[in-house]
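*Asks:* Starting from the given sequences, assemble the full structure and let the hints guide the process.
These protein sequences, in sequence, are chains A and B.
Read left to right, the first sequence gives residues 64 to 470 (the numbering used here).
Read left to right, the second sequence gives residues 64 to 470 (the numbering used here).
These are computed hints drawn from the structure, not numbers from a lab.
Please read these numbers as outputs of a predicted model, since none were measured by experiment.
Careful: at least some of the hints might be erroneous.
Put simply, identical chains are the same to the list, so a pair is met inside one copy or across any two.
[Stated by the list, open to error] Straight-line C-alpha distance at most 30 Å; calculated DSSO-like pairs for lysine-lysine:
#, residue 1, residue 2
1, K148, K348
2, K463, K411
3, K191, K355
4, K430, K87
5, K411, K87
6, K348, K92
7, K195, K92
8, K348, K87
9, K212, K159
10, K430, K463
11, K123, K191
12, K430, K212
13, K411, K148
14, K159, K123
Protein chains: 2
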Amino acid sequence: MKQIEGGITAAKGFQAAGVEAAVKYQNRKDMALIYSEVSCAAAGTFTTNVVKAAPVIWDKKIVEESPFAQAVVVNSGIANACTGKQGMDCCQAEAKCAGEALGIPAHSVLVASTGVIGMQIPLDRITKGIEKLAAAKAEGLEAGLDAAKAIMTTDTVPKQIAVEVELGGRTVTIGGMCKGSGMIHPNMCTMLGFLTTDAAISKEMLRKALRADVADSFNMISVDGDTSTNDTLLILANGLAGNVEITAEGEDFERFCEALHFVTVYLARKMAGDGEGATALFETKVMGAASKEDARTLAKSVICSSLTKAAIFGHDANWGRILCALGYSGAQFDPENVDLYFQSESGKIHIYGNGTACDYSEEEATKILSGPEVTVLVDMHMGEAEATAWGCDLSYDYVKINADYRS
Amino acid sequence: MKQIEGGITAAKGFQAAGVEAAVKYQNRKDMALIYSEVSCAAAGTFTTNVVKAAPVIWDKKIVEESPFAQAVVVNSGIANACTGKQGMDCCQAEAKCAGEALGIPAHSVLVASTGVIGMQIPLDRITKGIEKLAAAKAEGLEAGLDAAKAIMTTDTVPKQIAVEVELGGRTVTIGGMCKGSGMIHPNMCTMLGFLTTDAAISKEMLRKALRADVADSFNMISVDGDTSTNDTLLILANGLAGNVEITAEGEDFERFCEALHFVTVYLARKMAGDGEGATALFETKVMGAASKEDARTLAKSVICSSLTKAAIFGHDANWGRILCALGYSGAQFDPENVDLYFQSESGKIHIYGNGTACDYSEEEATKILSGPEVTVLVDMHMGEAEATAWGCDLSYDYVKINADYRS
Chain A
64 MKQIEGGITA
74 AKGFQAAGVE
84 AAVKYQNRKD
94 MALIYSEVSC
104 AAAGTFTTNV
114 VKAAPVIWDK
124 KIVEESPFAQ
134 AVVVNSGIAN
144 ACTGKQGMDC
154 CQAEAKCAGE
164 ALGIPAHSVL
174 VASTGVIGMQ
184 IPLDRITKGI
194 EKLAAAKAEG
204 LEAGLDAAKA
214 IMTTDTVPKQ
224 IAVEVELGGR
234 TVTIGGMCKG
244 SGMIHPNMCT
254 MLGFLTTDAA
264 ISKEMLRKAL
274 RADVADSFNM
284 ISVDGDTSTN
294 DTLLILANGL
304 AGNVEITAEG
314 EDFERFCEAL
324 HFVTVYLARK
334 MAGDGEGATA
344 LFETKVMGAA
354 SKEDARTLAK
364 SVICSSLTKA
374 AIFGHDANWG
384 RILCALGYSG
394 AQFDPENVDL
404 YFQSESGKIH
414 IYGNGTACDY
424 SEEEATKILS
434 GPEVTVLVDM
444 HMGEAEATAW
454 GCDLSYDYVK
464 INADYRS
Chain B
64 MKQIEGGITA
74 AKGFQAAGVE
84 AAVKYQNRKD
94 MALIYSEVSC
104 AAAGTFTTNV
114 VKAAPVIWDK
124 KIVEESPFAQ
134 AVVVNSGIAN
144 ACTGKQGMDC
154 CQAEAKCAGE
164 ALGIPAHSVL
174 VASTGVIGMQ
184 IPLDRITKGI
194 EKLAAAKAEG
204 LEAGLDAAKA
214 IMTTDTVPKQ
224 IAVEVELGGR
234 TVTIGGMCKG
244 SGMIHPNMCT
254 MLGFLTTDAA
264 ISKEMLRKAL
274 RADVADSFNM
284 ISVDGDTSTN
294 DTLLILANGL
304 AGNVEITAEG
314 EDFERFCEAL
324 HFVTVYLARK
334 MAGDGEGATA
344 LFETKVMGAA
354 SKEDARTLAK
364 SVICSSLTKA
374 AIFGHDANWG
384 RILCALGYSG
394 AQFDPENVDL
404 YFQSESGKIH
414 IYGNGTACDY
424 SEEEATKILS
434 GPEVTVLVDM
444 HMGEAEATAW
454 GCDLSYDYVK
464 INADYRS
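*Replies:* Dropping the structure here:
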């Protein structure tokens, strides 16, 4: 497996576009298209929020009931959530319009929206946008990057990646893009994520791969603990790589899952590190937990702690807050038997062990905590289970962005 | 029942003091004493955090095993949490020292600490502090206020209240004080709270009253979602009011519980409204829920949402975030059947109903959201259960305070 340039257009037969449609934002790209030259197996995971945006309801139906999918239309600026019947009608109109413009059935068009909740999408702008997208769609790096830019809201950078992996002598590519960066919390982490691959894989196995993957990738990140109404992760597989179709578990499936996980963890980390107002990626690795579930719970509790996040922002080795967050996570353990370490590119120090603070240098700790990626290592000494969670620090800018997001 | 002046010294036979002991803070009161002239029935509720501070472990033992208690010694600045054996030894030394200074058994002395986790308490300063407290202890309003000031950390105001209630022809007084204002989250909300009463009530009934009470008072507040290692709520009842001792449920017990609830809700609201960096109290009342548990879950989910808290700080009627927070709370409901209202001293408006936004005035909404106490009313239209939760907005100052709390 190797990482290559590009994102959603890296895999064979995938085209993309990003255009200005002025859905809400002005003078920037705000609509994206992903299009496959041939129909695809599709799978998705969606928000667990009881309040589901209209596009989530639309896409769930498509990936569950439709035999294939071939395009995804995305807009940023307005989430199309809490919009009642009008919101559902909008999804249908988008799919119909895109189907006509692309010459494919309406029920093979997936839709996604991100932005303000409660506002209706202006249908005339979105249909004009779809026509522009259909005209602009193209292969290649630039088109993929345009799409990655168009789906951004408060993100500061586009997020994409692609990898190649050999399956039975054929080169298979997996690419992806995603956007954050507020309302980001496990289950499904709040985000839009789109993955494309030219692998030949059955819909059933694609779904299996995606479901297993998110538990340790996107569902392990949090920016602010708010699980959005719009979380959507979609994957389209068009089979153009020509590998023998993956229809069961085995070596090919494992290699595909491994490459998929590389892509999803890369995107999840990028999303966490670009959380609203973030100045650092904040990673927590829990080792030696009694169970996988405990390891995940403990790791997530630390990266979700507002106090810990604020301390990371302040480069303050206030490790008591980490122990506190482990303690209220719900997992059982003996605090006397936990080891805590801080780690970054600047080094690694032992902070807490045997029930009390270690004799560490505050100066060294501050240096480590000033890195762009700060890791807390926690050894529970209870078993073999491990998990990693990703978040970011809590800064003034998080408050600034969210105190006045709508205007 | 009527509210009267004062706090922990309002009830008969209670004395208090607050002194400068320089445990960590300099040039401010940082140690407090509550002392009853006679021994008391005592009850307490404590943090559910697996990581329990030494004073929590000490107090749990006293209220569960000791027949009575007579004094509470509190320090601010250092939490005595994650301090191992040395921390437990410190509690014992404090109790011994206070017992000697006050002429009471060491096992009738409760202790509490709040502040930085992981630092050891300098024993020489704390014992000198206890001697000063014992010498300074006095009846009356001033002594009570001194104590309420001494327990503050990042609180901006001392928090106390007292009420009188007639029980069987006798006037019974309940007073209390508490401190926040970070690491504040349900179960047990992160706080120190101390209640005193001259009611005659058995230890068993006192415990029953306190346990039932916190579910709808202190456990319904949150500042930042972090459940502290030190949460402690203690109540001492010395019986000096001369009422017929409450030993079972009945009218007297109900009236006592009602007065207790008035005191605890008052203190809980004060604590939430004085959360770190807060500019407003943020209240959420859920009505028409399917069950009491659902009502509590829904109300807490809203006041804990970082995005909603930031919107309240920005006086921005971004109600989609509220619906989103209800949706990920874990409670089941139909989003099409929920009504949302904003309310403050400036008025009340209907924001969301029938699955979409109501036709409200943004100007009026902003005015309502600019009040010092902002309430979100949620009607689930599913049943009769109600619950109220209290939090605060999320401001720049929260980040400022917590990015550099230790220094």
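*Asks:* Pop the pair K212 and K159 into one bin, within, between, both or neither, using alpha-carbon distances up to 30 Å.
*Replies:* within (25 Å within a copy, 66 Å between copies)
*Asks:* Is the C-alpha distance from K411 to K148 at most 30 Å within one copy, between copies, in both cases, or in neither?
*Replies:* between (54 Å within a copy, 27 Å between copies)
*Asks:* Checking K430 and K87: alpha-carbon separation at most 30 Å within a copy, between copies, both or neither?
*Replies:* between (42 Å within a copy, 25 Å between copies)
*Asks:* Given a CA cutoff of 30 Å, do K430 and K212 count as a within-copy pair, a between-copy pair, both, or neither?
*Replies:* Neither: 34 Å inside a chain and 36 Å across chains, both beyond 30 Å.
*Asks:* Is the C-alpha distance from K195 to K92 at most 30 Å within one copy, between copies, in both cases, or in neither?
*Replies:* For K195 and K92, only the intra-copy Cα distance (11 Å) is at most 30 Å; the inter-copy one is 68 Å.
*Asks:* For K148 and K348, with the copy left unspecified, which applies at a CA distance of at most 30 Å: within, between, both, or neither?
*Replies:* between (44 Å within a copy, 28 Å between copies)
*Asks:* At most 30 Å between CA atoms: does that hold for K411 and K87 within a copy, between copies, both, or neither?
*Replies:* between (46 Å within a copy, 29 Å between copies)
*Asks:* Tell me, please, which holds for K348 and K87 at an alpha-carbon limit of 30 Å: within, between, both or neither?
*Replies:* neither (39 Å within a copy, 33 Å between copies)
*Asks:* One pair to classify: K348 and K92, alpha carbons no more than 30 Å apart. Within, between, both, or neither?
*Replies:* neither (37 Å within a copy, 40 Å between copies)
*Asks:* State whether the alpha carbon distance between K123 and K191 is at most 30 Å within one copy, between copies, both, or neither.
*Replies:* Within. Shortest intra-copy distance 25 Å satisfies the 30 Å Cα cut-off; inter-copy 67 Å does not.
*Asks:* Within a copy, between copies, both or neither: which one fits K430 and K463 at a CA-CA cutoff of 30 Å?
*Replies:* Answer is both; intra-copy 27 Å and inter-copy 20 Å each pass.
*Asks:* Treating 30 Å as the Cα threshold, decide for K191 and K355: within, between, both or neither.
*Replies:* For K191 and K355, the Cα distance exceeds 30 Å both inside one copy (48 Å) and across copies (49 Å).
When held up to the earlier numbered hints, the structure conflicts with 3, 6, 8, 12 and fits the remainder.
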